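Work the whole structure out from these sequences, hints included.
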Amino acid sequence: MKQDSTIRITGAEAVIRCLLEEDADLIYGYPGGAIMPIYDEIYKFQDQIQHVLTRHEQGATHAAQGFARTSGKVGIAMATSGPGATNLITGIADAQIDSTPMVCITGQVASHLLGSDAFQETDIIGISTPVTKWNYQITKASEIPEIMAKAFYIAKSGRPGPVLIDITKDAQFDTFDFKYEKCTGVRSYQPTPSLDNDQVTAAAEAINAAKKPMIVWGQGVILGEAEKEFKAFVEQSGIPAVWTILGLSALPTQHPLNMGMVGMHGNYGPNMLTNECDVLIAIGMRFDDRVTGNLATYAKQAKVVHLEIDPAEVNKNVKADYPVLANCKESLSALTALVKHKELVDWKAEFSKYMETEIEQVISKDTRPTKEGLTMGESIVAINNATGSDAVIVTDVGQHQMIACRYAEFIRSKSNVTSGGLGTMGFALPAALGAKMGAPDRHVVAVIGDGGYQMTIQELGTIFQTKAAVKIVVLNNDYLGMVRQWQQLFFDRRYASTEMTNPDFVTIAKGYHIPAQRVTKREELQEAVNEMIATEGPYFLEICVEKEDNVFPMIPTGASVSDVRLS
Amino acid sequence: MTTTNSRYTISIYSENNIGLLNRVSSIFLKRHVNIVSFSTSQSEIPNVFRFVIVVKVTEEQVKKLVQQIEKQIDVIRAYYHTDEETIYMESALYKVKSSYLFEERKIQNIIKESHATIVTVSPEFFVISKTGFRQETEKLREDLAPYGLLQFVRSGRISVTKAPMGISQLLNEFNNKNNS
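Chains as they are written, first to last, in my numbering: chain B, 32 to 598; chain L, 152 to 331.
These are calculated hints, taken from the structure and not from any lab test.
Owing to the predicted nature of the structure, the values given are computational and were not obtained by experimental measurement.
For glycine and all other residues, C-beta sits at the position ideal for the given N, C-alpha and C.
Incorrect hints may appear among the rest.
Unchecked claim - Beta-carbon label-pair distances, calculated as ranges:
id	chain 1	residue 1	chain 2	residue 2	range
1	B	E266	L	N323	40 to 46 Å
2	B	E374	L	V311	55 to 61 Å
3	B	A233	L	N323	27 to 33 Å
4	B	N348	L	I238	32 to 38 Å
5	L	R182	B	T588	19 to 25 Å
6	L	T209	B	D320	16 to 22 Å
7	L	D234	B	D208	36 to 42 Å
8	L	T209	B	K498	33 to 39 Å
Stated by the list, open to error - With the Cβ distance kept under 7 Å, some of the chain B side facing chain L (calculated, not the full set):
id	residue
9	P161
10	W165
11	I185
12	S219
13	Y220
14	A343
Unchecked claim - Computed list of lysine to aspartate or glutamate pairs in EDC-like fashion (alpha-carbon distance at most 20 Å, straight line):
id	chain 1	residue 1	chain 2	residue 2
15	L	K214	L	E236
16	L	K222	L	E324
17	B	K181	L	D225
18	B	K350	L	E210
19	B	K347	L	E210
20	L	K181	B	D319
21	B	K210	B	E52
22	L	K328	B	E212
23	L	K328	B	D227
24	B	K181	L	E166
25	L	K215	B	D319
26	L	K181	B	D154
27	B	K350	L	E211
28	L	K215	B	D154
29	L	K214	B	D319
30	L	K215	B	E212
31	L	K214	B	D341
32	B	K181	L	E221
33	L	K222	B	D319
34	B	K331	L	E211
35	B	K213	L	E210
36	L	K214	B	D352
Structural data, given as C-alpha cells:
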C-alpha cells in the first residue's frame, strides 16, 4: 500500500475533503444539531467550498437538481437529522424518477442513541429507501472516504440517480487516518451494459426496412451526453424525431427533423402518427404513461426498437422487438454507421399536415391571440424573443409547464429543467437558482404558476441572498389551472378548491429587494420581458393571464394517443 | 406470455448490507405483491447472502420483479425459477403435550408414518420436526391438530436450482477486470 497522503482528521472534515476530491464545491443545505460538526468544517473551508443556505430543505434538493441538470455534475444537498432529513424526501423522489445525479448528506443522532427515539431521530434510511438509487448509514468515521466515493460513483454512473448518506454525529466527531481513492467499480453493480453488436445489427435492419419510421427520444440522450451522436443518427437516417418532456432541448427546436412533443399535451402529429409508424425507435426514454396513454392501443402496429441503458426499463411498459442495451452515446454511433439515409418525403408530409391543423386550431390562438386576455403561450413567445431562444427554461408543474414546453424554443441542450416524472409543484423556483449556478453564463428563466410558486416562495430569500440572476415569471390565472381544467372537462365544472385568492406578488418580491413588475396588457408584455432579461441580477415578472384557458392538444387519461383532442 | 398466476421462486445473491432487506421488500410493497414465503442465509460464497422468496404471480410480473431487484446496487444477481427447476423444501416444528405421547397410541403412529423426527422430550411437552414439501408438513399439522398443538411454526422455503448459478464466476470476472 502506498504510504502517501494519510492525514489524521475528523469525520466531519473528511466529508468536506471527499466533496472537494469529487470536484463538488457547491452545497445546498440547511444546518441543524446533528450535522453541526460538518457545518463547522464548511466554515473552515469556506474559501474552497460554497454553501447556499436555502430557506427549506426541500429547496436544497431542488436547487441541487437544477444545478445537476444544467451543469451535468452531481448536485449536493445537506440537512440535519429528523425533520431536516424528511424534508429532503420530495426532492429525492423527484431526482429518482427523473434520473438526476444527486448526493444527499444527512446528519444523524449519535450511534449509541440510534433506535432510542432520541431528539430529531428519524429512520431516514428506511424512509428514503424506495426513492434512492442507493443509501447508507455511516456510524464510524473510518467508513467515510470509501462510502462517499461509492456515493458519487453510483449517483452519476449508468442511469443516474439520488444517493443518501446518513452520518451519525459521533462519526463526524471521531478522528481517523484519511486517505481518498475514487470508486471505479462496485462488484454487485453493472452501471452500463456492454453493447451487443448483434442487437445493433438487428435494430439497423429493422430501421432500414422501415417505410414510416419515427424516433422518440428522452432524457437518456442528455444524460448520456449523446447530443452529437443523436443528431448524427437523426440526420444520417433522415427519420422524423419527436421528444418526451425530459428529452426537450437535446435537438434544436428548429431542426428540420424535430417534429415536436409526444404525450398528454404533446403535438398532434407525433401523437397521431405514433399509431401509424411502422418502426418506433425509442432512445433513452421509458414509455411513461403520460407518453403512451392507453398501452393496449399504443403503437401496436409498430416494431419497437429500444435503445436503453437500464435493463429494467426494457419490456416494462412496451415490448421491445429490438432492444439495444447500452449507453445511447455508444449505441447511437454504432447504429448510425449501419443505417441508410432516406428522404421519407410522404411520411414527413404527414407530420406537416397535422402541424398545419394544430397551428390553425390551437397554436395560433395560444401564441397570437386576438382576444383581450393574455395567454400563457404568447408569454413564452415573448421570452423566446427576448432571449434569442437560448435561455434555460425552468418550469414547475401544470398548465404553464405544458405551455412552456410546447412553445419555448431551444438551440442548446441541457436547457429545459422541469419536474417530469414526479410532477412536483414547487420545483421551479429553487431549481432555477441551482440551474443558474450550474450555468452562470446563461439566461435562466423560471416559468411558474401562481400555485406552485407559493409552495416554495420562501426561496426568494435564497435568490436575494445569493444575488443569482434568476428571472422569475409567474403566469398568474388565480387558479390551480391544470386541476381546474380537468374539473371543467371531467367533473362538470365543479371547481373544488382550485381558485386562489392570491397576495400581491410584486410587493412580496420587492420585500425581498427583487425588482418586480406586473403585466396585464398585451402591449406591455414584450417590453416588460425585455426589461426583465436586460436587468442585472434577479427579477420578478407577474403576467396576469386569462383565468380559464385550457391546454390543448390533450389525451384524456386512459385514452389512446390517437384519440388526442384539439379542443 | 401467460396471464395466470403461478408459483415462482426468486433467488437473490447479494451483499450482506443493513437495509437491503428493506430495499428488496419495498419492491414487492410498491407493486402490491404479497410474499408467500421468505428466507435468507449465507450462500455458498463467503460474504454473499442468498434470499429465497416465493411469490404467486404471472410470469410477466415475476420477470419485472426480478429486473427491479437486480437493479438494486447491492444485489449481485437475481433469478426466478418454477418449482420444476428447483429442489425445494420447508421445515416445520410441532410442540405437543407429553402426556399425549404416552396416552394416545395414534400419535406414535402419526409420527412414525410421517417420518418426522422427535427433537426433544420433556415431562411437559415434546417437539417433533418435519422437513419436506408443504403438503407433507401440512398433513402432519392437520393430523396432530386434534390433540392440541401447543405451538406450530413453519420455515420459509429453501431451494437450490438444478441449473448452475455462476455467481462465483461473475465475481471473479469483476475482480480480474478491476485488478488488471
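We went through each hint and held it up to the structure:
1. The given range of 40 to 46 Å is respected by E266/B and N323/L, whose C-beta atoms sit roughly 44 Å from each other.
2. In this structure, E374/B and V311/L meet the distance hint of 55 to 61 Å, their C-beta atoms being roughly 58 Å apart.
3. For the hinted restraint 27 to 33 Å between A233/B and N323/L, the CB-CB distance of approximately 31 Å keeps it satisfied.
4. N348/B and I238/L have their C-beta atoms about 35 Å apart, which keeps the hinted 32 to 38 Å range intact.
5. About 21 Å separates the C-beta atoms of R182/L and T588/B, a value consistent with the hinted range of 19 to 25 Å.
6. Hint check: T209/L to D320/B, Cβ distance near 20 Å, so the stated range 16 to 22 Å holds.
7. About 53 Å separates the C-beta atoms of D234/L and D208/B, a value inconsistent with the hinted range of 36 to 42 Å.
8. At about 57 Å, the beta-carbon gap between T209/L and K498/B misses the expected band of 33 to 39 Å.
9. About 4 Å separates the beta-carbon of P161/B from the nearest beta-carbon of chain L, less than 7 Å, and the hint is met.
10. A least Cβ separation of about 4 Å between W165/B and chain L falls short of the 7 Å threshold, and the interface hint therefore holds.
11. With a cut of 7 Å, the hint placing I185/B at the interface with chain L holds, because the nearest CB-to-CB distance is about 6 Å.
12. Checking S219/B against chain L: minimum C-beta separation of about 4 Å stays under 7 Å; hint holds.
13. Proximity of Y220/B to chain L holds as hinted, the smallest CB-CB distance being about 5 Å (cut-off 7 Å).
14. Against a cut-off of 7 Å between C-beta atoms, the interface hint on A343/B holds, since the closest Cβ of chain L lies about 4 Å away.
15. Among the hinted pairs, K214/L with E236/L is consistent with the structure: their alpha-carbon atoms are about 16 Å apart, no more than 20 Å.
16. Distance check on the hinted pair: K222/L and E324/L sit about 19 Å apart at the alpha-carbon level, within 20 Å; holds.
17. For the given pair, K181/B sits about 12 Å from D225/L by alpha-carbon distance, which is consistent with the 20 Å threshold.
18. As the CA atoms of K350/B and E210/L are separated by approximately 14 Å, the hinted pair is consistent with the 20 Å bound.
19. Proposed proximity of K347/B and E210/L is supported: the alpha carbons are some 13 Å apart, at most 20 Å.
20. With a C-alpha separation of about 17 Å, the suggested pairing of K181/L with D319/B holds against the 20 Å cut-off.
21. Taking the CA atoms of K210/B and E52/B, the gap is near 11 Å; set against the 20 Å cutoff, the hint holds.
22. Straight-line distance between C-alpha atoms of K328/L and E212/B comes to about 18 Å, which keeps the hinted pair within the 20 Å bound.
23. Taking the CA atoms of K328/L and D227/B, the gap is near 19 Å; set against the 20 Å cutoff, the hint holds.
24. About 14 Å separates the Cα atoms of K181/B and E166/L, which keeps this hinted pair within 20 Å; it holds.
25. Of the supplied pair hints, the one linking K215/L and D319/B holds, its CA atoms being roughly 16 Å apart against a limit of 20 Å.
26. Restraint check for K181/L and D154/B: satisfied, since their Cα atoms lie roughly 19 Å apart, inside the 20 Å limit.
27. Among the hinted pairs, K350/B with E211/L is consistent with the structure: their alpha-carbon atoms are about 11 Å apart, no more than 20 Å.
28. At roughly 28 Å between alpha-carbon atoms, K215/L and D154/B are farther apart than 20 Å, so this suggested pair is violated.
29. With a C-alpha separation of about 19 Å, the suggested pair K214/L and D319/B falls inside the 20 Å cut-off, and the hint holds.
30. For a cut-off of 20 Å, the pair hint linking K215/L to E212/B is broken: about 36 Å separates their Cα positions.
31. Note on K214/L and D341/B: the hinted pairing holds, with a Cα-Cα distance of about 15 Å set against a maximum of 20 Å.
32. Between K181/B and E221/L, the direct Cα distance comes to roughly 18 Å. Compliance with the 20 Å bound is thereby established for this hinted pair.
33. Using a Cα cut-off of 20 Å, the hinted pair K222/L and D319/B holds, with the two alpha carbons roughly 18 Å apart.
34. The suggested pairing of K331/B with E211/L holds, with an alpha-carbon distance near 18 Å, which does not exceed 20 Å.
35. Straight-line distance between C-alpha atoms of K213/B and E210/L comes to about 40 Å, which puts the hinted pair past the 20 Å bound.
36. With a CA separation close to 17 Å, the supplied pair K214/L and D352/B stays within the 20 Å bound.
In this structure, the earlier hints numbered 7, 8, 28, 30, 35 are contradicted, and the remaining ones agree with it.
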